[in-house]
Amino acid sequence: MHRVINWLATQTGLSPEFYERLLFSLALVGVLWLLRLFLQYLFINKQTDLRKKYQWRKASNYTVTVVGMLLLSYIWFDGFRSIATFLGLLSAGLVLALREPVLNMAGWVFIIWKRPFHIGDRIQIGQHIGDVIDIRLFQFTLNEVQGWVNADQATGRVVNIPNLKVFTEPQANYNYGFPFIWQEVSVLVTFESNWQKAKGILWEVMHEHAEQLTEAAREQIRRQSQQHLIFYEDLEPHLFTRVRENGIELTMRYVCSLLRRRQSEHLIWEDVLTKFLASPDIRFAYPTIRFYRDGEGQEPLPKQI
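Residue numbers (the UniProt record's numbering): 1 to 305.
Here are the simulated lysine to aspartate or glutamate pairs, EDC-like style, with alpha carbons at most 16 Å apart:
no., residue 1, residue 2
1, 275, 204
2, 199, 249
3, 199, 184
4, 197, 249
5, 58, 134
6, 199, 271
7, 275, 208
8, 165, 100
9, 53, 134
10, 199, 281
11, 197, 281
12, 197, 271
Here are the simulated distance ranges between beta carbons:
no., residue 1, residue 2, range
13, 168, 21, 37 to 45 Å
14, 192, 240, 19 to 27 Å
15, 270, 168, 37 to 45 Å
Simulated from the structure, these hints should not be mistaken for laboratory data.
For every residue, glycine included, the Cβ atom is placed at its ideal position computed from N, Cα and C.
All chains should be modelled from the sequences, with the hints used to inform the complete structure.
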């Protein structure tokens, strides 16, 4: 081996030490590659949960990469004696020349460390709403929801968002701290309608389709409330009444699973339409204009004696 190294040094003019380091580096890359395959076989391939399998794969890749960079630095920088100076100059140049990529890497560190969202969470960042399907060094990926679809369902598009957006855009997490969402469905009936009867119908329909929380789900909500200081003392459905300019508004408010929001609203509206159609004293309100002729509908004034 030393003969080959000396021959290469003679032919190329480079020092034998350079080729020794190069040989060690290639051997290190091969060992780390085998280590990554071993970790995948040991932990990842035996996992049945797709989310855990993804997280293990990402964690193993990051771990092997960081260990490889540290060991390569040890090989090429004489035991880290000059690495501090090198990294200082390199980081200063990167900050000036590659501002956005550096901010993207800082955003990645923030996402991994602070965990504002996880893989599988539904989030909104800026104008984009979707389910997080990947988190990488420079960007994270959303399976877009809503968009031109007027509901909480996928559009079929995949949106890549730079990691630096976590520093500049507000974020909303649909899953964080509370495994359900509050859904509201409003129904507007005319002033002449029997609104008390309509309210009774809506109450029955809402209780039929509202999420029935098990004791385990309630316990999960209580644990999340203690951890994140999010308190929901009353999780029962409610029905609110309000007078609007066109009629009486009855609003159903109930707890709904995140992925069943559109389905629950669909079932509620179908039952409401069916039952209101069978009730002639209940009518939906909509913007209308009424014209009155002068004197029409008014009682004549009493004559003075």
